[in-house]
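Top line first, the protein sequences correspond to chains A and B. Okay, so the first sequence: first residue is 204 according to this note's numbering, each after it adds one. Okay, so the second sequence: first residue is 12 according to this note's numbering, each after it adds one.
Hints are all accurate, no fakes.
No farther apart than 27 Å at their CA atoms in a straight line, the calculated lysine-lysine pairs in the BS3-like style are these:
(1) K25/B x K115/B
(2) K404/A x K249/A
(3) K391/A x K192/B
(4) K404/A x K29/B
(5) K115/B x K29/B
(6) K439/A x K521/A
(7) K391/A x K404/A
(8) K600/A x K547/A
(9) K521/A x K499/A
(10) K249/A x K192/B
(11) K600/A x K521/A
(12) K29/B x K249/A
To be clear, the hints were calculated from the coordinates, so they are not data collected in a lab.
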Amino acid sequence: MDFPLTIEPVMLKYLVHFIIGIAFGAALEMSGFAISTRLAGQFYFKDQTVLKVMFGAVVTAMVLIFWFVAMGWLDYERIWVNPTYLWPGIVGGLIMGVGFIIGGFCPGTSFVSAATGKLDGLWFALGVVGGVLLFGETEPLFHTWWYSSYYGRLTLFEVFGTSYGVMVAIVVIMALLMFWGADYLERKVGGYTTGWTRPAKWGFGLLALAALALPLFGEPSVDELWARVAPEMEPKLQAREVYIHPGELMEARYDERFRTVVLDVRSEADYNLFHLRWAHRAEMDDLPAWARRIKKDPRLTVVVLVSNDDQAATEAWKTLVALGVPNVYILDGGINHWLDYFAKDDPRIHPLSLTGGAASERLRWDFDYALGETSPAADPVPDWGWHEELLEEFQPKIKLELPAGPSGGGCG
Amino acid sequence: MSATTSAQPEPKPKPQPKPYVNPYVGGLLLGLVLFLSFLLTGSGLGASGGVNRIAVFFEDLIAPGHVDRNPYLAHMAGGDANPLLNWTVFVLLGAMVGGFLSAKLHHRWEVATYKGPRISVRTRWILAFVGGLIMGYGARMARGCTSGQALSGGAVLSAGSWAIMMAIFGGAYALAYFLRKVWN
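Bound conformation, chain B alone (with noise of 0.2 Å):
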């Protein structure tokens, strides 16, 4: 593990950032967050949803026509249709604060990219995005991601969630491989 922090000039030292909780009090803090949002509204966490409504928001200010003869984006934008009036935006939104606050309080928020030590800088950053596109791609054939669909459709026992669940540790399994220089 290796981080390439920016250069950034410190006014005075900089306080040592906290360790991350232990991973099973990280499951059950996680999980409460899960359960209360259930209870309290009906609906679980998602981030793809969120993600989603907002590309599509700004695909619909430049071409709304495009948005329009496309039932898919129409089901979400068409017409007058505001595709950010829904809950998965606003915790997407929730969702990056809390990070952000929860980083700063621990001083753990920098600018730094993290990679295995045999690519360089460049290479993280073009397979991140690649990544990225491929991860966002399934999100959405799969109805969901990993928030959406296997951490709160298996909380609830969703038989298709499951699948899905299995389905993303089996490609990234079967692929680790092949990418072991990447990250190791």
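Looking at chain A on its own, in the form it has when it is part of the complex (with noise of 0.2 Å):
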């Protein structure tokens, strides 16, 4: 998952906006969405050039787009879907309409045909300015309103119940075949000629074939996204950089520059009899559920996994990391090492001397009843006592990286 880049520092990524901005610009003014008269002649049936451009970059970013993210390249989860708020977006969009068709122009092609010198894009850019003014101004008069009917990153194929390969491969057919109503159109009431020429027509196939592949070709499974960052993230858990002591994880929780996610994947039955007060019981079937919903969340997040020893929850970090989880640690040791600094906050729990050693992953300790998070040892606080000299014993091993967005849309 090398895509998207995490650029730095933020001057860096802006030129990099400004750049892309500028190709924006200069695609736009090449298709001719600086002339009002052009683009307002969609509407009636007579030139269909704003559909045509418009479908054909949906339809060229997202066959590009789901096949990056089928070939594992680009993290999915870490671009920006707009978040849907279906009302206010329904009315904003069909006022949206009724401006463009009284004014001509979108807010983008306005202040692009006013940089060629059009005066009426001047003038339309300038009611732009105003109407954003005027919206911040009336908000609050139906501000919860505005905030209603939210779904958060709702996409397309979750509301159809198919997989993303499926969805692109309908939009681009029904994108073909409007592509293909608006050229008779064209013809018919618009009086044009053209029909579809040799470059087109191989175009059209090849978006076609790549469209109905992707969903054939699937999406790349767990262990071969982690196949492919393995060389890199091997050598991390040889060196033990993302096993983390006991000590460093009771610190953790009361750390407030992030947030700590304890994923617990040990059976329910041990992890009835004790578990961290602030774990999260996590099959290895769920994780992938977990990644996402990880990911999406804009807090800086520690996620630190744990099982009795520390094998299951290695191999439940793999699974995090090739999914593109970043900071991801494991308690060292598991429960069994955290039980043998904690486990004298609380008589209720005795040691088990048992045969085979650190990978068997059984609990070694014996409890007097299911404790649950009921204990102490639960939920130790840093400065109790002897937890404070507990603290001084290890070496802190937890580095923030951030993640590289989503970050925000054009909504801004």
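Take the two lone chains, each set in its own frame, and fit them into one complex as the hints suggest.
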């Protein structure tokens, strides 16, 4: 998962956006989008340029994006997918449609048009500035409604209950049918004589092929994703750079620079006997869902994986790292090692002598009854007496790595 | 389609403006730019977000107290926050530079007003301003315009963005009949 890039410092990132903006403006101008009459012609069935350019761009970008996702090069969870606020979106969209047919531009095209000397573009752009200011002033009047019908990061393939591959194929087929209809209309109503040229036919054929092959290709498995990052990540495991001492985990809970998510991957029975108070139990099969949830959250998050020893947690670590979750750590020695320190806080916990080394992933402790999270050992506080001494015993290993987005959409 | 060009003395004969690219080629180019934006930065394209932040920047210069008291505005420019330090501003400025360069290179830069044949230039300007006002308002309400929602959200298959895209086309087609004399 090399993409999207993490570009630092932020000013360099802004420079990249500026250069992309130049290409954006040039592409709009070259398509004739600086000319209002050409844009408005769309709505009188004469000139289908708007539809062709817009859907052409959407399907081109979409097919490339989802092929890069399928190849495991681009992390879909880390790109910005506009969150859905259904009704404010629909009402806002209808209002935009009205503004478009009255004024002949959308915001982006009007600014580009103004930059090419068109005075109607300039007046429209000034109107847009007025409109956004007016919205800022009136937003408090319907603030609650503006945040209503919120569905979060909802995708079209979730709505239709398909895979992204099937959805991409459907959208491309729909777009090709619309292109065909648009050219038909241009010949009938607009009086154009052009049919599809040979390069156009090749282009559309290639597009259809790429889209239809995507659902057959499927998504990369966790093993394939791990194989890709293993050369970089395996040495970290060997050097035990990601195994944190129980004292560091205790302290992390009270560190206000980040949020700590503890995932306990043990069996339900062991979890019920004893678990850390702030731990969530996670089945191995649930880890992809956890990865999505963690990556969507804008808060800086440290994930700590816990098993009885640390074998199972290491397997879980590989899964989360393969799925692109940043800042993932493993509790060194697991719950068994944790209780080596904290069992003394609770007389109901007794050591068991077991044969079979650390790889056995068996709980080496006995409990008077299932304590769950009710034990003081489940939630030790750093500044309690002897715990403070413990904090001096280990080398801290958590290094915060900032995830690369999604940072926000065009709604700014 | 008619253009009113302001009279400017030309020292030498003006080169002929080059024709626009085929719309499908335009779509391909725009799609590649959009894809690169997601690949490199994780975000798509946008325009109204940048307009918004520049507008709020000036509002904050004039009436900082007012901005601080409105939670929607304070989110962008409250206290010491600089609303211009946002990627949407840089994309918008880049787009203007790109549009200018492309128009110059293709000999399409001209001071002109495009309008339907039946209305005056003044009417066209007024309609453009009013249309812009409505467009700006709707774009903020929908949390993004044709670029930030329809194009960018459409390409990454955001459900809300597709609803907005349909609504934009729906709104424009629904009203097109009543404004036919403006454009035809």
